[in-house]
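Colleague: Please work from the sequences and hints to get the whole structure.
The chain contents come next:
2 protein chains.
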Amino acid sequence: MAKVAVLGYGTVGSGVYEVIKTNQDIVNKNAGEEVEVKYVLDLRDFPGDPVEKVLVHDFDIILNDPEISVVVEVMGGVEPAYTFVKSALMAGKSVCTSNKALVAAKGPELIAIAKEKNINFLFEASVGGGIPIIRPMNSCLTADKILQISGILNGTTNYMLTKMEDEGWEFDEALKTAQELGYAERNPEADVDGWDACRKIAILTSLYTGLNVDYEKIYTEGISKISATDIKYAKKMGLKIKLIAYSKRIGDGIVSAVSPLMLNKAHPLYNVSDVFNAIYVEGNVLGPVMFYGSGAGKLPTASAVVSDVVEAVKTKKNIEVVWEDKDLELKDKGEIVRRFFVRVSGEAAAEEKMIKDIFGKTEVVKPEGINNEFGFVTDQMSESDFAQRYKKLEGAIRFIRLEQ
Amino acid sequence: MAKVAVLGYGTVGSGVYEVIKTNQDIVNKNAGEEVEVKYVLDLRDFPGDPVEKVLVHDFDIILNDPEISVVVEVMGGVEPAYTFVKSALMAGKSVCTSNKALVAAKGPELIAIAKEKNINFLFEASVGGGIPIIRPMNSCLTADKILQISGILNGTTNYMLTKMEDEGWEFDEALKTAQELGYAERNPEADVDGWDACRKIAILTSLYTGLNVDYEKIYTEGISKISATDIKYAKKMGLKIKLIAYSKRIGDGIVSAVSPLMLNKAHPLYNVSDVFNAIYVEGNVLGPVMFYGSGAGKLPTASAVVSDVVEAVKTKKNIEVVWEDKDLELKDKGEIVRRFFVRVSGEAAAEEKMIKDIFGKTEVVKPEGINNEFGFVTDQMSESDFAQRYKKLEGAIRFIRLEQ
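Top to bottom, those sequences are chains P and U. Counting from 1, one number per residue, gives the positions in the first sequence under my numbering. Counting from 1, one number per residue, gives the positions in the second sequence under my numbering.
No lab work stands behind these hints, which were simulated from the structure alone. Each residue gets a CB set at the ideal place from its N, CA and C atoms; glycine is no exception. A portion of the hints provided could be inaccurate.
So, partial list: chain P residues that the calculated Cβ filter (under 8 Å) puts toward chain U [what the hints assert, rightly or not]:
1. Arg-135
2. Lys-145
3. Leu-147
4. Val-285
5. Gly-287
6. Met-290
7. Ser-307
8. Val-310
Modeller: Pasting the structure below:
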């Protein structure tokens, strides 16, 4: 029998407890032995909850119990999660976590300890919630040079953008509704400013390069400036605005960023709506593959965590993960070549010459019911070239990148 | 250094050779040691081809060479592949195959030998070409009771249906073009009659139930009866006709079938076009996930085979696969409840009473330019109930199932 301790009885923690109970037979069969939650650690008490009889408040009980072979960390945040996880690994216990902040900040160190101790540090649920992506990256996409990963990695913002698109809502209304439905936190910055997606693309990029990507060096722009008016322009062009986290090989380097992008109908992420996530991967021999599913939510995330527990119990030795404690030097995003959508105040006819002088060939966009301003789309140019030109534009309101 | 032998230098075999050469550094890094193709077995000679220097015609050279630790079988067909694979496994060599006929026919026996010998029998490329699905089923979707798998598992027929939809082609024209492009064989029955998809859904269903599914017991209907007229009706209803292989939990049993289904726009497989494949999986806690990519083609399939080689080299011990040599009793598909689309000769107005008497509530469909016949869609009913009623229908032309 494999005995497991769960750190944190919040949304995901209670989901883990529930998934193991609900699917006990399947979990046992796949793990090759019975899996039992012996402890749940939380500062709070839960009188009347079935978890009560296994609840502990002191991590040392778990750390010092030699029966515990797997620790599930679903507390979130770097501390005290890091201290707990590190000491569990040092004590020879495998750790399964959904904590992207921890993985993005301390991944290589924790992976190295697990390797040394011949156990596992697994983090399937840290990216894409229930979508299998970490293990496929490690064990399936191993014959390819990965050319790019682009993902809708944050369900909250994807829900908000879907509602703005479908209902014509402004950002504030979408955020309020997302908060009422429990999709967005009261402090929604991690989601709407792109930091959640940024940590996730840092993890994925580290995995396919084998080097550590410092998420703080990834250019990150959220959706808080996206307005109902921007969406009207996108609709007029047959495009959708999505918050995309991506990393791409350009020449011999890699560029990574998070930003709103306007996608056309042929783009594989165009149809990913509501709280769903999807990760598009392109390999040099494999071509395109896409993984789609519930990117968040109690049970889907818990399902991924429990699949890690099954893997840890079943494997009983270290599964090699190549993620060295050596920083990957990201290339500047200025080298990316794409088209840009720009909003300008004034009338298209009056400004035509100035725009042509600055940007060369452009296509003007003018949706019904938008006055005193217009939009245009540039030809292909590099980000740095665009930035130079954009500076010269009088009356510029804002710009949004187009994805080919 | 890991030495590999490749059985068969056809499309996939030459792809495997090319992928290992092209991505040698990545393959070595992920495998943890250098991977070298020492032999390629084929009856033919390939003068001037780089493979010439490793080409052998006698399988015993491979079998008796203790340096060979991994055998790649990409010959196709059950024999002589089965004899070669079995003897390689018995000799302690891991086997990686793309051969769905072999896996569907002999899976449990070969898995059992690999387990006994503490090596691996891997078959990622046998379903979905380059799409990672076998390993995710085995190592990611392990915390869930799988409620259904539905897939577009055959790229040739999906290409044909896409062309019939986009260009208004008849079946014969679509088939001819698919053959000219090399997507369809000269004898296209395995694709167009659904047998290829049938073997693949049998493999996936065996993996999630842990029991053996006899593919011959799966109801299988291909696309050869689908006409440009059927597609016109589907378009009129906003639906697409796709060849879907599925298995679903109904009560305490499982139903599996392959047939054309009419999908609505909200269905996750609706947008999967051309030669692409996709597999939709629903878990009881995970909810929906979908895997999408190139379901066939030399390099994508070879990429999946080489990822198996990497896994075999890296793992060096048996990875447990639960697929017992005990048949799963499939339930009769008569229990599936759905709507049905029916074409009838005559005029809707004249036949209204008869149809109402037989089927109760229906919705009539009458696309422009189709004369002397009409279509209608039934309410929800079980397959067996529908079959009883359909028998009574005078002037029935054909029916196609609707997926909710």
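Colleague: Of the hints stated earlier, which fail here?
Modeller: 3
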